[in-house]
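Residue-level listing of the chains:
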Amino acid sequence: MTVVDPPEQSSGTAAVQGPSRFAAWRVGILASPAAPVYGALIGIFVIAWIVVTIKGGTFLTVPNIVNMLQRSVALGIVSAGQTMVILLGSLDLSVAWLISLASLVTATTMDGQESNVLPAILLVLALGVGFGLVNGLIITKLRVNAFIATLGTALIIQGIIQYQWNGPAGNVPTSFSQDLGYTRFGVIPMSFFLLVAVVVVIFFLLRSTRFGYRIYAVGGSEDVSKLSGLRTHRTIIGAHIVCSLTAVITGIFLAARLKAGTPTVGPDGGYDLESIAAVVLGGTALMGGRGGVVGTVGGVAILAVLDNAFNQLEFNAFLKDVVRGIIIIAAVAVYARRQEKQA
Amino acid sequence: MSTENASPGFGAEAGARGRRFLSSLMSTGTIFVLLLILWVWITILNPTFAEPGPFLAYLKRSAPLVILAAGAYFVLISGNFDLSVGALVTAMVVIAARLIDGDPSNTWPVIVLMLVVGLAVGFVNGFISTILRVPSFITTLGMLLILNGAVFLWSGGSPKGALADNFRAIGRQGIDGIPWINQLPWSVILLVIIGTACVLLMRADFGRQLIATGDNERAARLSGVRVNRVRILAFVLSGASAAVAGILLAGFGGVSAQAGLGMEFDAITACVLGGVVLGGGRGSVVAAMAGALTLEALFTWLNLQGISGALQDTIQGVIIIAAVAFASYRLRGAR
Chain X
1 MTVVDPPEQS SGTAAVQGPS RFAAWRVGIL ASPAAPVYGA LIGIFVIAWI VVTIKGGTFL
61 TVPNIVNMLQ RSVALGIVSA GQTMVILLGS LDLSVAWLIS LASLVTATTM DGQESNVLPA
121 ILLVLALGVG FGLVNGLIIT KLRVNAFIAT LGTALIIQGI IQYQWNGPAG NVPTSFSQDL
181 GYTRFGVIPM SFFLLVAVVV VIFFLLRSTR FGYRIYAVGG SEDVSKLSGL RTHRTIIGAH
241 IVCSLTAVIT GIFLAARLKA GTPTVGPDGG YDLESIAAVV LGGTALMGGR GGVVGTVGGV
301 AILAVLDNAF NQLEFNAFLK DVVRGIIIIA AVAVYARRQE KQA
Chain E
1 MSTENASPGF GAEAGARGRR FLSSLMSTGT IFVLLLILWV WITILNPTFA EPGPFLAYLK
61 RSAPLVILAA GAYFVLISGN FDLSVGALVT AMVVIAARLI DGDPSNTWPV IVLMLVVGLA
121 VGFVNGFIST ILRVPSFITT LGMLLILNGA VFLWSGGSPK GALADNFRAI GRQGIDGIPW
181 INQLPWSVIL LVIIGTACVL LMRADFGRQL IATGDNERAA RLSGVRVNRV RILAFVLSGA
241 SAAVAGILLA GFGGVSAQAG LGMEFDAITA CVLGGVVLGG GRGSVVAAMA GALTLEALFT
301 WLNLQGISGA LQDTIQGVII IAAVAFASYR LRGAR
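Residue numbers (the numbering used here), protein chains in the order written: chain X, 1 to 343; chain E, 1 to 335.
Don't read these hints as lab results, they were simulated from the structure. Each statement offered as a hint is correct.
Have a look at the derived ranges for each label pair, beta carbon to beta carbon:
(1) E/D101 to X/V51: 32 to 40 Å
(2) E/V116 to X/S175: 57 to 65 Å
(3) X/D223 to E/A310: 36 to 44 Å
(4) E/G279 to X/G56: 49 to 57 Å
(5) E/A120 to X/L142: 33 to 41 Å
(6) E/S105 to X/V46: 50 to 58 Å
(7) X/V62 to E/R218: 52 to 60 Å
(8) X/A330 to E/A204: 34 to 42 Å
(9) X/L60 to E/V116: 41 to 49 Å
(10) E/R218 to X/G39: 27 to 35 Å
(11) E/R229 to X/V51: 38 to 46 Å
In silico contact screen, one side only, chain E against chain X (beta carbon under 7 Å); selected entries:
(12) L132
(13) T139
(14) L141
(15) N148
(16) G149
(17) A150
(18) V272
(19) T314
(20) I320
(21) V324
(22) A325
Remember, predicted model here, so these are calculated numbers, not experimental data. Glycine included, C-beta positions come from ideal geometry on N, C-alpha and C.
Required output: the full structure, derived from the provided sequences and hints.
Here it is as structure tokens:
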């Protein structure tokens, strides 16, 4: 999979006519790297459904679905951004603390005033651009490995937060909190549209823009892209800015949900490692160059379904972690097997 | 790079060897210079630091992280990550407290059990990452979740039991009555033994094969290195180092569910500070251990500077980025 052929693309669909067109479409779907992810999702969904039903619960109730969607939003948005940088062969460990910082800045800037909502959002988005820029510059210009660079910025943000705040702070106006955090249309929460919007934007960026093609190219081989005349540094910096933006959007959403900013909301949710797990669970190669945001959505959905099933079964919180760890490893092992067979 | 990367210059002249030593010192020497600067600076701020007692106390405090960094080095140099060591250290501390339960006669069997658990977890990490081809980042991330969950499931949320005095002694006490230095802590002795063993291991066939694997897996495989076996062994060593670090830390710091929190990142940071390249194939184990000592010295320095606990993280982050940026700048210059 190189620049010319982003994976989810069912190549040559348009050119084929008649009955073979359907076949090509089907082959395209099954051959995409996202296919096993959704296979696994359906499998886990069915198993969870059966187990919950046997235990005397009902899996597909409205509150349950709302719960699953709601839980997916925060992790989904940040994972979509994480997909971008992982496709590059980079990664971002600073998102968790950035989410906390964004939630705090959102809540303290809004300070209960509705008139402050827009300025606060703009300020926090600018913050995201700033930190993404810093991450990207450290990685490209200072040539610090992304793991260390973003671990370092995570520490920096952590320090700033602990210096400035020692508990929940700020106040999100009720109307904004209701709108973004709690409004529903039928079973679909308002915030879910935010997730959809972010995913669509990133999907479009990756599939239909030069920037997206460059991300796949740099992820495939940075040296080759550079020798082919790509400005790899710009691509890397751009992807990190998008990733940080998704983190701050998650922060705004969580602030709306909790009506206040919280210093530990990011790390407590484990958004740094969890988002990376979701991306890899979604079939994106950790080394970069292969995968896509569609798979990531599947990965996030798998985690949400699991989470919900555990809650229904009243699983011990610690056992939950054990099972989750096993499932993450097992799923990725299955993908690895599949890829080996294809190769 | 001083010891490991030396090409098999059989019968090389002393002059060539000297030059090679010098050039290798130039390329990874940054960390030693930084360490020395920090030591001197700390001594200026607090002159007692250079006295044997406080200096040994500093080494004793650093021992768990240095040992973890050595373990992390093996995994990193072979081109993998081990994110599970922090959780493993916590698991060790909780297991020790629960099983020893204050009874000194349990100490040695439990220590053996801890080492076995460490080796086993390392082996499982290695097996999944190599034979099952799961990226080690994900394997060890999953292992982190599993260990954290399992330990607390078993202990019911908070650590129970107590450590026996002879168990604590390993992390706290030492050989008393030695002139001039007064007490030689067990952990420092262990540190020296493990450090020496690591250097010898990296000079042996295993070490060369490990570096070759991390540098270029295919080339290593084609030249007859059993890549998977070498990598699994690296994970096993990392698990063992976590067990030892857990033993020391439990004795030194006491039982807590947060004993190993974030230590995986500290260990990796220490290695990278020491010039180990993530992705494998480059770096020396001595420099990695010096990186851990530097990190501990940095913490001491920050305390002496009176920087508040909160901003300490920020400054640590800045310094880590700066040090790695400087090292990669030097590396580029050398090329």
